[in-house]
Amino acid sequence: MSASLRVSMLLNALVLGAMLAFSHGLLKWVAKKQVASYVDLIAGYWLPIGASLAIYAALFFYYIQVLRHHDIGILYSTYTGVSILLVLLTGVFFFGENLTRMQLFGCGLVILGIFFIGKP
Numbered sequence: 001m002s003a004s005l006r007v008s009m010l011l012n013a014l015v016l017g018a019m020l021a022f023s024h025g026l027l028k029w030v031a032k033k034q035v036a037s038y039v040d041l042i043a044g045y046w047l048p049i050g051a052s053l054a055i056y057a058a059l060f061f062y063y064i065q066v067l068r069h070h071d072i073g074i075l076y077s078t079y080t081g082v083s084i085l086l087v088l089l090t091g092v093f094f095f096g097e098n099l100t101r102m103q104l105f106g107c108g109l110v111i112l113g114i115f116f117i118g119k120p
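Going by our numbering, the letters in the sequence shown line up with residues 1 to 120, in that order.
Don't take each hint at face value.
Said to hold, decoys possible - Quick list of the computed label-pair ranges, beta carbon to beta carbon: (1) L11 / A43: 36 to 46 Å; (2) F105 / M1: 23 to 33 Å; (3) H69 / I42: 34 to 44 Å; (4) V39 / F105: 39 to 49 Å; (5) L41 / G108: 33 to 43 Å.
Said to hold, decoys possible - Below are the SDA-like pairs computed for lysine to any residue, each with C-alpha atoms no more than 20 Å apart in a straight line: (6) K33 / C107; (7) K28 / Y38; (8) K32 / L88; (9) K28 / D40; (10) K33 / K119; (11) K119 / L47; (12) K119 / L10; (13) K28 / F95; (14) K33 / T90; (15) K119 / H70; (16) K28 / G96; (17) K32 / A43; (18) K28 / G91; (19) K32 / N98; (20) K28 / G50; (21) K28 / N98; (22) K119 / S2; (23) K119 / M102; (24) K32 / Y45; (25) K28 / L88; (26) K33 / V92; (27) K33 / L47; (28) K119 / S8; (29) K28 / L10; (30) K119 / L11; (31) K32 / F94; (32) K119 / H69; (33) K32 / S52; (34) K32 / I42; (35) K32 / F95; (36) K119 / W46; (37) K33 / F22; (38) K28 / Y56; (39) K119 / Q103.
No wet-lab data here; the hints were simulated from the structure. For every residue, glycine included, the Cβ atom is placed at its ideal position computed from N, Cα and C.
Please construct the entire structure, taking both the sequences and the accompanying hints into account.
Okay, structure coming up:
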C-alpha cells in the first residue's frame, strides 16, 4: 500500500471514528436526562436521538464508499480502534468519566494494534 493510500485510509478512519464518537456522545447526553418514562425520553429528546440515528446512517453509507478504496481488514481495524479511543475520550472530557491507569494501558495497546495492523 502506498504512503498516500495509507494516509487516505487513516484520515477516513478518523472521520468514521469521529462520527461514531459524536453519535455515542449524543446518546449518552440523552441517557443522562431524568424523565418519568422511556416514552417521555423519546418524546422529549427526539431531535438528538434522530440526529444520532442520522449520523449512524451517514456513517454506514460513507463506510461503503471508503471500502471501495481500502482493504476491509485494515480499514475496519483502524476505524474500530480509533472509535474506541474517541468514545473513551468523549466520556472523559464531556461527561466527566474516570480514566484509570489500566484504561490508559489499554489505549496504548489499541494504538499499537492500529500501528501494527497498518504496517505493510
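Evaluation of the provided hints:
In this structure the supplied range 36 to 46 Å holds for L11 paired with A43, their Cβ-Cβ distance being about 39 Å. Between F105 and M1 the Cβ separation comes to about 29 Å, which falls inside the hinted range of 23 to 33 Å. For H69 and I42, the hinted distance range of 34 to 44 Å is satisfied, since their beta carbons lie about 38 Å from each other. At about 42 Å, the CB distance of V39 to F105 agrees with the hint of 39 to 49 Å.
At roughly 37 Å, the beta carbons of L41 and G108 sit within the given window of 33 to 43 Å. The suggested pairing of K33 with C107 is violated, with an alpha-carbon distance near 29 Å, which exceeds 20 Å. Between K28 and Y38 the CA atoms are separated by roughly 14 Å; this keeps the pair inside 20 Å, and the hint holds. At most 20 Å may separate the alpha-carbon atoms for a hinted pair to count; K32 and L88 meet this at roughly 17 Å.
Our distance criterion of 20 Å between C-alpha atoms is met by K28 and D40, whose separation comes to about 16 Å. Taking the CA atoms of K33 and K119, the gap is about 43 Å. The hint is violated against a cut of 20 Å. Distance hint between K119 and L47 is unfulfilled; the C-alpha atoms sit about 41 Å from each other, more than 20 Å. For the hint pairing K119 with L10, the CA-to-CA distance comes to about 12 Å; that is within 20 Å, so the pair holds.
Using a Cα cut-off of 20 Å, the hinted pair K28 and F95 holds, with the two alpha carbons roughly 8 Å apart. Simply put, K33 and T90 have alpha-carbon atoms about 17 Å apart, close enough for the 20 Å limit, and the pair holds. Taking the CA atoms of K119 and H70, the gap is near 14 Å; set against the 20 Å cutoff, the hint holds. Distance check on the hinted pair: K28 and G96 sit about 12 Å apart at the alpha-carbon level, within 20 Å; holds.
Our distance criterion of 20 Å between C-alpha atoms is met by K32 and A43, whose separation comes to about 15 Å. For the suggested pair K28 and G91, the alpha carbons sit about 9 Å apart, so the restraint of at most 20 Å is met. For the given pair, K32 sits about 16 Å from N98 by alpha-carbon distance, which is consistent with the 20 Å threshold. Proposed proximity of K28 and G50 is supported: the alpha carbons are some 14 Å apart, at most 20 Å.
Annotation: proposed proximity of K28 to N98 holds, straight-line Cα distance about 15 Å (limit 20 Å). With a C-alpha separation of about 11 Å, the suggested pairing of K119 with S2 holds against the 20 Å cut-off. For the given pair, K119 sits about 26 Å from M102 by alpha-carbon distance, which is inconsistent with the 20 Å threshold. The suggested pairing of K32 with Y45 holds, with an alpha-carbon distance near 11 Å, which does not exceed 20 Å.
A hinted pair counts as satisfied when its Cα atoms are at most 20 Å apart, and K28 with L88 qualifies at roughly 12 Å. A distance of roughly 18 Å separates the Cα atoms of K33 and V92; the hinted pair therefore holds under the 20 Å criterion. Only pairs whose Cα atoms come within 20 Å are accepted, and K33 paired with L47 is accepted, the gap being roughly 14 Å. Of the supplied pair hints, the one linking K119 and S8 holds, its CA atoms being roughly 14 Å apart against a limit of 20 Å.
Between the alpha carbons of K28 and L10 the distance comes to roughly 26 Å, so the proposed pair goes past 20 Å and is violated. As the CA atoms of K119 and L11 are separated by approximately 16 Å, the hinted pair is consistent with the 20 Å bound. About 12 Å separates the Cα atoms of K32 and F94, which keeps this hinted pair within 20 Å; it holds. In summary, the hint linking K119 to H69 is supported, as the alpha carbons are separated by about 17 Å, within the 20 Å threshold.
This hinted pair checks out: K32 and S52 have alpha carbons roughly 15 Å apart, not beyond 20 Å. Restraint check for K32 and I42: the C-alpha separation of about 13 Å stays at or below 20 Å, so the hint holds. Restraint check for K32 and F95: satisfied, since their Cα atoms lie roughly 10 Å apart, inside the 20 Å limit. Between K119 and W46, the direct Cα distance comes to roughly 43 Å. Violation of the 20 Å bound is thereby established for this hinted pair.
Between K33 and F22 the CA atoms are separated by roughly 17 Å; this keeps the pair inside 20 Å, and the hint holds. Straight-line distance between C-alpha atoms of K28 and Y56 comes to about 15 Å, which keeps the hinted pair within the 20 Å bound. At roughly 24 Å between alpha-carbon atoms, K119 and Q103 are farther apart than 20 Å, so this suggested pair is violated.
The structure does not agree with the numbered hints 6, 10, 11, 23, 29, 36, 39 stated previously, though it agrees with the rest.
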